[in-house]
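Q: Sequence:
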Amino acid sequence: MLNLGALLMAMVGYVRYLQLRDLIENNELPGNIERLNKISLITGVLAALGISIVGNFQEYNALPVHLTGAILAFGVGGVYASIQTYISFKIHPILGNKVVNWVRVILSASTFLFFFSTMGFAAAAYEASDNVDQIVAKWKHGEPGWELHFVSTASEWILAFSLISFLTTYTHEFKSLSWTSPSVKHKFK
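If you're matching positions, the sequence shown starts at 1 in the working numbering and goes up one per residue.
Hint data in this document are derived by calculation from the structure and do not stem from the laboratory. Everything hinted at is true.
Calculated cross-link-like contacts (lysine-lysine; reagent style DSS-like; alpha-carbon spacing at most 25 angstroms):
1) K90 to K38
2) K98 to K38
3) K90 to K175
4) K175 to K38
5) K175 to K98
With these hints in hand, go ahead and build the complete structure from the sequences.
A: Shown next, in the form of structure tokens:
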């Protein structure tokens with residue numbers, strides 16, 4: 001499921017990039033919007049890669065790889081959301097809605113808040129644990145660090161929900177898009 005989610009996030013990021021690229025070509029916008037659009041495409045793809053890594057390398061089997069994926073998915077995903085939020089304010093009123101832009105601010109901020117909460121409480125749980133093997137095994141209620149691990153896990157779920165909710169804010173803006181079939185031409189000699 002996470003691989004499918006990663007693919008969908010990459011596709012949404014790419015469609016948003018194309019939408020903004022078209023908007024930039026057809027309107028006079030501040031010069032840094034084009035550069036930020038390219039950076040957001042890269043961060044969106046990296047975040048999607050992180051989601052795939054998290055799904056393929058579970059915490060219990062490959063903790064360092066899982067954490068790398070989580071940092072890409074949620075840390076870089078937060079950067080993606082922040083860049084897109086900034087762009088949204090810069091392109092309004094040509095595209096977008098002021099209320100949706102403020103919702104993006106809240107979701108971007110909550111992404112960072114819960115990212116640091118997840119990482120901080122996970123580190124605290126690790127320090128509180130008296131059994132290193134517990135870190136890569138299922139925690140049990142009452143074990144040292146269990147409460148901290150629980151808060152970290154809850155923060156991670158809220159973080160994931162915030163990032164997914166952010167992507168859904170594109171819904172109204174994507175309704176105005178139209179697609180054409182790709183053109184394939186071959187020159188025979």
